[in-house]
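K.L.:
Residues per chain, in single letters:
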Amino acid sequence: MDLSVIFRNFDFMFGGLILTFQLAVISIAGGLLLGIFLALARLSARPWLYYPATLYIHFFRGLPLILVIFWLYFLVPVVTGKAMDEFTAAVVSFIAFEAAYFAEIIRAGIQSISTGQTMAAYAGGLTFFQCARHVILPQALRNMTPALVTQAVVIFQDTSLAYVIGLREFLRRVNLVDAREARSVELYLFAGLIYFLFCSAGAVLSRRLENCLQRDWA
Amino acid sequence: MDLLSYTFDWTVLWRAPYGAMLIQGIFTTIHLSLLAWAIAVLWGMVICICSVSSSRPVRFAGSAYVQIFRNTPFLVQLFFWYFAAPLLLPKPAQAWLYDHVPQYAYWAGVAALGTYTSSRVAEQFRAGLLAIPRDQYRAAYATGLTPFQTYRYVIVPYAFRIIIPPFTTEFLTCFKNSALTMTIGVMEITHTAYYIDSFTWHGLETTTAASLTYLCISGGVVLLMSLIEKRVSIPGMIARGR
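For the record, the sequence lines run as chains A and B.
First residue of the first sequence: 136, per this note's numbering; consecutive thereafter.
First residue of the second sequence: 28, per this note's numbering; consecutive thereafter.
It should be emphasised that the hints constitute simulated quantities derived from the structure, not laboratory data.
All C-beta atoms, glycine included, are put in the ideal place defined by N, C-alpha and C.
There's no promise every hint is true.
Unchecked claim - Just some of the chain A residues that point at chain B, by a computed CB distance under 10 Å:
hint: 1; residue: Leu202
hint: 2; residue: Phe209
hint: 3; residue: Leu210
hint: 4; residue: Pro212
hint: 5; residue: Met219
hint: 6; residue: Phe222
hint: 7; residue: Thr223
hint: 8; residue: Ala224
hint: 9; residue: Val226
hint: 10; residue: Ser295
hint: 11; residue: Leu296
hint: 12; residue: Val299
hint: 13; residue: Leu306
hint: 14; residue: Leu324
hint: 15; residue: Gly327
Bound-form chain B, shown alone (with noise of 0.2 Å):
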């Protein structure tokens, strides 16, 4: 048996077409995951308040919203949204849906992705509100502001600070989550990788790149991120538990 009987092409990633279909995967791995995240982080917030909030149903509507989405596999939901919640709308609007969005695959992944990581971004503020020493609530009320001031000038610049690590280790998470949006077919950098390879032969190649990929942008953004971390630290900021 001879060891390594596979000639490496290296050109198959960058000569036509498939080249390009890389560089449209990459940008496709990259706004999806970005849009998710929007989504994630606007309605993780509103999920943090409903699960802090004052109102007994309320706040059992925000846990039950973040364990069900935190204990379902990711890929289980995108199946759901993509097969089974199109079946929940009204006949004219499936039809419509269908006649209409070619794109279904990569909104039904965004909507999946965002929701997926609403939950855990919704625990992260959680964490970050509770990580705040309740002396800080009590000496902004002693100094006279209004609940909405406390939250505004003491308490959300205070979470901000301590969330950058969680947040962008999530963000990392969404952005390889990003990868299972190829099992219904949108056409992003992992899915982009296997479909040459059906033509080429050439996986390897490809897969590699895929993981370049993936490295290089975690890489930077991590390093961004701390980058970020240092410019806007609070000098003598230690954050305890309550």
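Pulled out of the complex, with its shape left as it was, chain A reads as follows (with noise of 0.2 Å):
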């Protein structure tokens, strides 16, 4: 064991860090407010809606995250004419991936408030839009926070897959370290304890938020 590595090149890796929250808070915001649209065109009545979103989110949630960085990085030329940076294709493949999957978390939550709601508040003049808006969502989004922050951290986690297409980002930068210093043990032990640190604290938080709701209903 040598540790000094670490210390050594600390001022590196901790620069890779600063972009791998980047991308996790950049891909959550994307990916929720996306996510928000299609989990309400999953519960629309109308097919325009309801088919695309429903398709859009089998086809997401059937491939690896991996793949769906691939496609934007061969379909993108394609189709524009010359190539994406690599933040850019990132973030792009993070949100259009973890929306799907935030889309049925959010689907799972609006379907937990009761029609009744739904009812009243059309039956009071207000649109759907206002009905989301004003009603169903604050509920919603209230009673699915737990599993929204657990997928936070999956994000997080999910950011190390940037790797593939050359983009710095923490595990990159330990990976380059690696292949200088070749202290591979130190270095992966390393990478894995500062992760385990910042998901088990979303991981706590989300346990925190979970008891908290259940008291409130209580």
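Mind docking these for me? Both chains are given alone in their own frames, and the hints should help you get the complex.
P.N.:
Structure representation (structure tokens):
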């Protein structure tokens, strides 16, 4: 064991961690937003909204994330004629992919709200979007917060896949340091520890929220 | 700018030598995920038994395992198995490994995917056990069954049916995660699709073929499992929480 390798390259790896966080935050925000629209479309009675959204969700849930990244990587140059930079490519594929997972969580959350609420909102003269915005979503989002936090942790872990298109996020940098220093055991344990700390914090937060919610309902 | 200045050439999917490579890739994906799944189920069962054990240290070990493997990215674990794990072996074993196991990437992939999935499987086993109403145990004990008989004839058949849907999901996750082994050089279908692109510049076609492989197999598994679920369902069984 030679832990000095970690201290010597700490600044370099820390820079990657910042990029990892940027990726995660943008993907979570974008995925959540797109996921809400997809979930609403999937619950819609209109076939032209329901079928495309359902197809989208099943399509992305049936594919590995790494393949979605490649899809974008190959498809975009064909359509636009020039390649996308790695950061944009990673963010777009994460948002497209994670939105499908968010959509299913949100759909379950919305379905947990009784239909009486929707009927009351319509009876009160609200439009579809007003009903969604002011009545259903505030309650549903609260119910599904624990599941959403868990999914956010998953996305944080998934950002390590940006490695494959050469984006220098945390894991890529650990890998680069390893290529130079040849200290795999220390470096990968360190990488695991860093991810573990942040992900456990997320998991604890999710459990806390769940307990809070259960207390509120009781 | 002309849109779609790309000539599709679908023959890349079957003409030699690429057709055979793709088939080989599909098979690698399938047996890698099946092997990893077998490890995950067996090892996951052990972890689950540990985490519901009455002994405190054993229970702690079980839940620590689950936490560690769930809260680190699979890619980090994969790199650990591939790059770091051999270094932990004694020198002669290392030399043997490098000399005699040309497929080390494959086995590292199986080990990483198996252990990672086992932590998720263990949680599903546990949830399945906990979903069984306490009354089932009490009723079984009251009729004079031993603890082993209670598990064998009452609890396990019951839990088995509860865990079919989550296990289907976990298997598919395991199946999709197998794509990540491409990062350590396993020639499964995703890697093959990427690899063929480097000779032919027809990555779009091969990626489509890879995507269809995943979608078809996932669809097939879902269909099969829902048939099995219907087949074995007990009329009137409703799983409630404790």
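K.L.:
With reference to the structure, classify each hint as holding or not holding.
P.N.:
Hints, one by one, checked against the model:
1. Leu202: 5 Å, holds
2. Phe209: Holds - the Cβ of Phe209(A) comes within 10 Å of chain B, reaching about 4 Å at its closest.
3. Leu210: 6 Å, holds
4. Pro212: At about 9 Å, which falls below the 10 Å cut-off, the nearest Cβ of chain B leaves the hint on Pro212(A) intact, so it holds.
5. Met219: 14 Å, violated
6. Phe222: 18 Å, violated
7. Thr223: Since chain B brings no Cβ nearer than about 19 Å to Thr223(A), farther than 10 Å, the hint is violated.
8. Ala224: Violated - the Cβ of Ala224(A) stays beyond 10 Å from chain B, reaching only about 14 Å at its closest.
9. Val226: 18 Å, violated
10. Ser295: 4 Å, holds
11. Leu296: 7 Å, holds
12. Val299: 6 Å, holds
13. Leu306: Since the shortest Cβ distance to chain B is 6 Å, the answer is holds.
14. Leu324: Since chain B brings a Cβ to about 7 Å from Leu324(A), closer than 10 Å, the hint holds.
15. Gly327: 4 Å, holds
Violated hints, listed in ascending order, are 5, 6, 7, 8 and 9; each of the other numbered hints is respected by the structure.
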